[in-house]
Each structure stands twice: as C-alpha cells, then as structure tokens.
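> Model the placement of chain C on the given structure of chain L, informed by the hints.
Residue numbers (my numbering), protein chains in the order written: chain L, 125 to 867; chain C, 15 to 167.
Since the hints were derived computationally from the structure, they do not count as laboratory data. Be aware that a few hints might be false.
[Said to hold, decoys possible] Using 30 angstroms as the maximum straight-line C-alpha spacing, the simulated DSS-like pairs for lysine-lysine come out as follows: (1) L/Lys784 x C/Lys140; (2) L/Lys850 x L/Lys788; (3) L/Lys788 x C/Lys164; (4) L/Lys476 x L/Lys428; (5) L/Lys439 x L/Lys408; (6) C/Lys164 x L/Lys751; (7) C/Lys164 x C/Lys139; (8) L/Lys788 x C/Lys140; (9) C/Lys24 x L/Lys703; (10) C/Lys164 x L/Lys703; (11) L/Lys703 x L/Lys788; (12) C/Lys83 x L/Lys751; (13) C/Lys140 x L/Lys746; (14) L/Lys746 x L/Lys707; (15) L/Lys428 x L/Lys301; (16) L/Lys703 x L/Lys689; (17) L/Lys751 x L/Lys711; (18) L/Lys162 x L/Lys301; (19) L/Lys689 x L/Lys707; (20) L/Lys746 x L/Lys703; (21) L/Lys321 x C/Lys164; (22) C/Lys139 x L/Lys784; (23) C/Lys24 x L/Lys751; (24) L/Lys850 x L/Lys863; (25) L/Lys863 x C/Lys129; (26) L/Lys746 x C/Lys164; (27) L/Lys863 x C/Lys139.
[Claimed, not checked] Now the stretches of chain C that chain L is said to cover, found in silico as 3 or more residues with beta-carbon under 8 angstroms: (28) 16-25; (29) 66-75; (30) 83-97; (31) 121-127; (32) 138-148.
All values reported here derive from a predicted model rather than from experimental measurement. Just so it is clear, CB atoms sit at the ideal spot from N, CA and C, and this is done for glycine as well.
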Amino acid sequence: MKNKKFTAGRREFLQQSGAIMVGFSLAPAAFAQQPAPKPAPLPGSLNANRMLDSWLRINPNGTVTVSTGKAELGQGILTALAQIAADELDVGYERIEMISADTSRSPNEGMTAGSLSVEQSGTAIRYAAAEARDILLQLAAARLGVAADKLVVADGTVTAGGAKTTYWDLAQNANLKREATARIKPKAPARHQVIGKSIQRRDIPGKVTGGIAYVQDMRLPGMVFGRVVRPASRRAQLESCDEAAVRRMPGVVAVVRDGNFLAVAAEREEQAIKAAYALRDSAKWKESPDLPPQGMALYEHLQKLPSQDSVVNSKVGAPAGGGQVSTVEATYTRPYQCHASLGPSCAVAQLKDDKLTVWTHSQGVYPLRQHLARVMRMPEPSVTAIHVQGAGCYGHNGADDVACDAALLARAIKGRPVKLQWMREDEFGWEPYGSAMVMKLKARLDERGHVVDWQHDVWSHPHSTRPGGPGSNLLAGLHIANPLSMGAPVNSPQPSGAADRNAVPLYEFPNQRIVLHYLPEMPLRTSALRTLGAYANVFSLESFIDELAAAAGADPVEFRLRHLKDPRARAVIEAAAQKAGWKPKQKGDGSRGRGFAFAKYKNLAAYVAVIADVEVDRRTGKVQVMKAVAAVDAGLIINPDGLSNQIEGGIIQSTSWTLKEQVKFDRQRVLTQSWADYPILTFPEVPAVEVVLLNRPDERSLGVGEGSQGPTAAAISNAVANATGKRLRDLPFTRERVKAALA
Amino acid sequence: MAITITVNGKQHSVDAAPDTPLLYALRNDLELNGAKFGCGLAQCGACTVIIEGKAVRSCATPLASVAGKAITTIEGLGTSARPHALQQAFVEEQAAQCGYCASGMIMTAKALLDKNPRPTEAQIKKALAANLCRCGTHNRIVRAIQRAAKGAA
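Extracted from the complex, chain L is given alone in its bound form (with noise of 0.2 angstroms):
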C-alpha cells in the first residue's frame, strides 16, 4: 500500500482525492442536531459524529479504513491516528488505510487546529475501534461457537484452540451502520502494541522521492494554472486596469475582474505569471494611509484603540502579611509576525454542471465549504471541499483565501480544472498575521520572597478570523463587487483563551486579575498563528517571573517551584533542570548565559519546560542560541518520535520568532515582500535540541504542536538577561537592538 501510494499516478491520485466515493456515513452532524431525545454524551468527535462507520470500515480484502475530520499538515497526524486504530483492533499498522478531512466522505471535526487531533479525533477513533473490535467478536464467537472472551485476535485473525476465522471473514455481516455507545472500555496502556512506538510517517518516502504528495503538485486532464492579482494596499480601490492588453498575452484563457478583485488564468504557468505581473502593472489604485506607525509607536497605538476590555481570571485572596512588600512592573512586545510557510498556499478549483469542487490545504473543509458558497452565491451542498496536503500549516494562513480565489477564477473558465497558486509576495503581503501584542505584567514581592499581588493586561488583535461564523472570512470574498462582510471576530472564553491564551499564570498566587484588552479593528488581518496569544503571553508571563526572582534574590527554577503545586509541572521543571544540568543561580559571563521558562499549553495541553543556552555577540548585538534542551508531558504518548519532531519543530521556529521575525510596513502599504524582508532561522543559526520525554501511560494525551513555542521564547530571554544583565523586553531581539541595549 506504501509504495503505491508513493509512487501514484494520476488516476491513483484522484482516487484519493476523492473521484471514487465510498459509502461513509455522513448522516451523524443531522443526528446530533435533533431536538429530543438528547443523545448521551460520547467522547471526542465522537460525540458530533455518531455513526461508527463514520469512522471506519473493515474490508474484505484484509484492510481497514479509517476516516478523520483533521487534516495532515505535516505533524504526522495520520500516522498517529493509524496507530490507535491499530492497536484498539488488534490489527497490523500496515493494514490501516487512512482517508482525511473530505466533505464528500469524511467526519465533520470543524478546524484541524489547537493541538487537539490527537485529543479529539484519536480519542474517537479508540472507542469507534474497541466497539467495532467487539462487535466482530461477537460474530466470531457466534460462528466459532466459542464464548467471545476465550477468543483470541492477532492481526485480524480470530483463534479459539484449533478453530479460527477473520475480520475480513466477518466484514460483511459486521454492522458499523449504527451509533456508537462507547460502552466498550479501549485497551488498557500495558496491552499497546502499536501505540508508543516510533513508527515512521507514511508521507516521508513519497515527499523524498517526488511523489505526488502536495495540492502543488495536483495535475488534472484540461487544467489551467492561475494567479491572483491583489490590491496595492489592504482598502485600496481599483481605478483602472488594462484587461484587454493582458486578454492578449500568450496563453491567457481569462482575465477576472470583480470589484477589487483580479485574476488571470493561462495555458501555461509562467503564462499565468506573466500575465498577472502585466495586469498589476497597468491596475491603478486610490489608496489611503490607514496602517498603523511602525516601531515603538505601534504598541503606543494599540494601546489607544477602542478595545473591548474584560477580566478574563481574577482572584481575591489573603492580603500580604505585615513587613516590606516591593512591587515589580514590566511592558513587553510582540510585532505582527507571518506564518511564511516555505510553499506558498494553493488549490485547484472546477465548476462543472453547477457543482464546485475544491482541493484544498484548508485546516477546515466544512467551514470553507461554507463561506465558498455564499461568495460564489452557490447552495453548500453544490459545493466539495477535500483536503489535500500543503507545505507546512502553522495556522490560519492563505489556504481559505486561495481556495475562494481558484473558484472566482474556475467560473471564468467554464468547465476547466485550475490551479492557482500564490506567488510569495501574496503570502508575505496577504496571509492573516499572528497579532501584534502588548503585555503588562505587575506584581508584589512580599518579604520572603513570594508573589502576593498579580496582574497581567493584554493588548491583541483577534486570533481567529476563520472561516466558519456569520458573513465571509475569505479575502476575495472581501474586495469582489458585492462584497460579503468578515463575521465579527469572537475570542475563545477561558480556559483556553486566544488573545489571552496562557496569560493566566499557572502559579499559586494569592491574588491576581488577568484583563485583556481586545481590539477587534484590524487594520492589518490577523488570525490564528500557532499558539495564538500564548506565545506573547507566555514570553512575558516567564520572563516576568524571572525578573521576580531576580528581585527577590532567588534561584529561577527554586522560584518557580516554590510557586507550583501541580506535580506534573513540578516534574517536568525538575526534568528539564536535571538533564540540562541546571546549576541554581548560576551567572552568565557577559556573553554566554542560560535561561528557563515553563507553560502548560492551554493551561490544558501539554507541559514544557525548556532550557535554552545563548551566546550574545556584544559587538554586533548577534543572539545565537546555542542549544534548547526541553522537558515534555503529555499524557499517554502515542508516537514518541513524532512527538518529539513536533516539539524539536516548534523550539527552532520559536526561535527564529523570537530573534529574527517582524511583519514591516510604511503607513500604507505592507513591505514584507519576500525571504530579503522577512529573513527567519537558517542552518547555522539553528541550536542544538534534546528532548526528554515523560510518559503518562495512565493519562489521556495532550496535544504537542504548540507546547514549546511560549517557553522557548522566554527561555531565550531569560538566558540574554542571564548573560549580558541587560532585559530585553521586545521582540525581536535583532541585531540593531540587543546592540542598542547593551550599549
């Protein structure tokens, strides 16, 4: 099965994608609608998708198929989820096929996104396995004659003594045709075989060798190749273009002009490209200088915005005891910073007989299917959406956007399969950016050295202007001719948060209120960026604590314990501590220094300390962080390996966050244009990583995907403090300012 995918032509392609339907079960989402009965609570996605055949399918050819709403992004998501379906049904990992996030034929799981795949999905597809399990061993003892519990499964085959059948055998008579009551308990931890084990990605061989692995690299009988042409800045207003002369160019099969929006379509790609470069440069926009100041002045700015403010978490406790009590106060910043996936987004879109189907890198092909139809002004049910992997999505990036573009373009076309694919201008300048942050941390120190009094205020954009909600959160949708509006942004409530996600401290403080200050105008789009506010909020939350212990005269890791009851954060710290070699107030010397920091992800994820060691250039203000050395829990791990690609992953981008990346622009337009503008982390700036695992058999898992972006950030931080004396408190630490502070 491996290689065949690996090596798929185009039919084999379409197969996957799609073409060929299969018989799931797409009833459940109208299910879960219906007024009364109310249905029992099930667990995970599950619960909004009831039907165990939802899920998966035994076949008699000796494999298994197994459905999911998440979508592969690259975390190896598929390879995790086959693990659990392995395991739960005592079958070979091998014989797990593994269909994603299709509105034609998978489960509707909304977004793939907050590190809850494992949490939602995994959990349903363990109880969809260990009830179909035992709905084929009850037809096994029927035919075996044999009591289901003398029964015994090894990769499908079912044994009792001498006689034996197969779930292949069985399939046929197996009726997943009906709502799961998880009334079967899954495997206990000690009896995995699969899960636990490092099992290698299914998708690495195929992207090593060329195979058809990405929407990119989709190629359908007719297809044309398309581009976007945006407007010169964020409201500009299209005065004039030359449509005619570019209806002229070599190739060009249509030329789209709605509103602000415009696009071309050509035989041939760099066609396509010429085209759009010729349209661009005849169009004639009226802009307007409606972007925010740069700099400094831009938290100043946030700061003045009409804000939506809110006590997110606040607690009254005991006062300070008698004696001295010293207060603490510190501002920090975050800028406007990109996804910049290294693929720019693409899709491919076809309008035939009145029925849209997009390929799509969406994170949700439910809630894009969605908001396509009311742009194109088509019924949802005309529309498909099937998900087909991008290059590496760390949020809401240009996926939704190109997917509306690509079908703005296939009605111009008439029939034709196009794929448009955004030049690297478009992602840099149109992508919605992770939010500009400030933060506000203040606190007392009562005389031994314990926080009594607490607050932390927040400034922020939104952090989710998905697809999804009321209006249209698509772009195009945005600058057509009759134009929907964005659905009014909505932040996740706590405990989990988005704005202030992470901001309310997992420590033991007597005292604290927690405010966010929520500014839902954007005058630069903002949305989901790995983390959402965590990692601002978290920087700022653990480098503030160093600075606490600092004042107090305390070692950082003693300080933090002395603050922390939850003994699964207490043991990851002194994980962290022990492995890294953690010496207790330790100085730096000047230029090479250490520093710690901690999160519970969510407050509800996973649990990550990190360790980051800095060598500081005081000459050229260069930050190189030297090694990152983390300590994870989460939970029950089901692919250690994967795990630990996913935590790697996010030290060395939160890295190159935290020293490296700024979104710039002038007062009118964005000027992030490409790699020359937005340089991120290269191959000698990259530190050395260890990461130590603690497994929690006994405990559900947690999600990882955004566990140590927020403590790596404050660990480096931390560690110039602890090297140079000097706090940085706004990122990012670039050259021109660590040189600037330490002058």
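For chain C alone, kept in the frame of chain L given last:
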C-alpha cells in the same frame, strides 16, 4: 519554440518561451514533482536541482540557458522502492515535517557530498545555509546527511 533539455539522462523537447524558468518545465511539462515553487527568487532552495554537478535554483534558471546541459532532479536519484542513500537517510531520520523543502535539501546535499564525501557538521550547515526550512527539522536534516555520508564511506 521547442527547447531540448536533458533531465535524469533523458532528452525532452519543451515547447515554451526561452525565458521560462526551468522549474515550470520540470513540474508541468515533464510532470516531475520534486522541485517545488517556494519563492521564484532563488531565496529559499525548494526548487533546487543539480546542473552539471552544481546545485542550482531552477526557479531562476531560464530554460534556454540549460539546453544541452545534464540536469538531475530528485527523481533521478532513486525511487521509494529503490531510494538513494540520501533519500533513505531522510526516511530513517524522519527528517521532515511538511517535507516541502526536502527535495531541495537533498539535492543541495547531493551536490555537497559529490564534492566532499565526508563533510563536517559545520560544512553541512554552511552548504545548506541558503536552504530554508520552516517546520524546524534542520537538525534531523543534518543528521540524515551525516548518516548518508557515513553509509557511503
């Protein structure tokens, strides 16, 4: 206008303008998926192929300039059934997350190992300094190249 190029030992005639970037001929005319569009500006390395022994950015290489030269893409190294040592090493080390940069990394590494079969870690990092990875799999990529170098020795 038809231009003849030699890719992975085979001659192909491509009917395209002479200034067409090689990348589009490889991907769309020859249906080779390995080289990727990343930036079109020779800044990221996702489109790297080997031309006459050198790692070259195919997104910024005009088709007419490579007529008659020996071009190797990742498809010319090996298949998933019979992978090249570098491809096998990337699988062994699980040196990818999204994998979009992987072909360019492997082709850059191939050009390096062809010249310097036993590079140091610092030499590998220097050779890859202009190849970008966004998922943060750099250390795995370096280990994979070291593994391939060791296996070949």
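> It remains to establish, for every hint, whether it holds in the given structure.
Hints versus structure:
A distance of roughly 19 angstroms separates the Cα atoms of L/Lys784 and C/Lys140; the hinted pair therefore holds under the 30 angstroms criterion. A hinted pair counts as satisfied when its Cα atoms are at most 30 angstroms apart, and L/Lys850 with L/Lys788 qualifies at roughly 26 angstroms. Between L/Lys788 and C/Lys164, the direct Cα distance comes to roughly 44 angstroms. Violation of the 30 angstroms bound is thereby established for this hinted pair. Between L/Lys476 and L/Lys428 the alpha-carbon distance is near 50 angstroms, which puts this suggested pair outside the 30 angstroms criterion.
This hinted pair does not check out: L/Lys439 and L/Lys408 have alpha carbons roughly 56 angstroms apart, beyond 30 angstroms. Between C/Lys164 and L/Lys751 the CA atoms are separated by roughly 25 angstroms; this keeps the pair inside 30 angstroms, and the hint holds. With a CA separation close to 17 angstroms, the supplied pair C/Lys164 and C/Lys139 stays within the 30 angstroms bound. Note on L/Lys788 and C/Lys140: the hinted pairing holds, with a Cα-Cα distance of about 28 angstroms set against a maximum of 30 angstroms.
A hinted pair counts as satisfied when its Cα atoms are at most 30 angstroms apart, and C/Lys24 with L/Lys703 does not qualify at roughly 53 angstroms. Between C/Lys164 and L/Lys703 the alpha-carbon distance is near 29 angstroms, which keeps this suggested pair within the 30 angstroms criterion. For the hint pairing L/Lys703 with L/Lys788, the CA-to-CA distance comes to about 39 angstroms; that exceeds 30 angstroms, so the pair is violated. For the given pair, C/Lys83 sits about 43 angstroms from L/Lys751 by alpha-carbon distance, which is inconsistent with the 30 angstroms threshold.
With a C-alpha separation of about 18 angstroms, the suggested pair C/Lys140 and L/Lys746 falls inside the 30 angstroms cut-off, and the hint holds. This hinted pair checks out: L/Lys746 and L/Lys707 have alpha carbons roughly 25 angstroms apart, not beyond 30 angstroms. Restraint check for L/Lys428 and L/Lys301: not satisfied, since their Cα atoms lie roughly 57 angstroms apart, outside the 30 angstroms limit. Using a Cα cut-off of 30 angstroms, the hinted pair L/Lys703 and L/Lys689 holds, with the two alpha carbons roughly 21 angstroms apart.
Among the hinted pairs, L/Lys751 with L/Lys711 is consistent with the structure: their alpha-carbon atoms are about 17 angstroms apart, no more than 30 angstroms. Proposed proximity of L/Lys162 and L/Lys301 is supported: the alpha carbons are some 20 angstroms apart, at most 30 angstroms. The straight-line distance between the Cα atoms of L/Lys689 and L/Lys707 is roughly 22 angstroms, inside the 30 angstroms bound, and the hint therefore holds. Restraint check: the Cα-Cα separation between L/Lys746 and L/Lys703 comes to about 27 angstroms, which is no more than 30 angstroms; the hinted pair holds.
A C-alpha spacing of about 26 angstroms is found between L/Lys321 and C/Lys164, which places the hinted pair at or below 30 angstroms, so the restraint holds. Distance restraint check for C/Lys139 and L/Lys784: the Cα-Cα separation of roughly 19 angstroms lies within the 30 angstroms cut-off, and the hinted pair is therefore satisfied. Straight-line distance between C-alpha atoms of C/Lys24 and L/Lys751 comes to about 46 angstroms, which puts the hinted pair past the 30 angstroms bound. Between L/Lys850 and L/Lys863, the direct Cα distance comes to roughly 11 angstroms. Compliance with the 30 angstroms bound is thereby established for this hinted pair.
With a CA separation close to 39 angstroms, the supplied pair L/Lys863 and C/Lys129 exceeds the 30 angstroms bound. Under the criterion of a C-alpha separation no larger than 30 angstroms, the hint pairing L/Lys746 with C/Lys164 is inconsistent with the structure, at around 33 angstroms. Among the hinted pairs, L/Lys863 with C/Lys139 is consistent with the structure: their alpha-carbon atoms are about 26 angstroms apart, no more than 30 angstroms. As drawn, the segment 16-25 of chain C meets chain L at 0 residues by the rule of a beta-carbon pair under 8 angstroms; below three, the given contact is violated.
Counting residues of the segment 66-75 of chain C whose beta-carbon sits less than 8 angstroms from any beta-carbon of chain L gives 0, not enough to reach three: the coverage restraint is violated. Closer than 8 angstroms: that is the beta-carbon criterion, and the segment 83-97 of chain C has 9 residues meeting it against chain L, so the requirement of 3 holds. Counting residues of the segment 121-127 of chain C whose C-beta lies closer than 8 angstroms to any C-beta of chain L gives 0; at least three are required, and the coverage claim is violated. Counting residues of the segment 138-148 of chain C whose CB falls under 8 angstroms from any CB of chain L gives 10; the rule of at least 3 is met.
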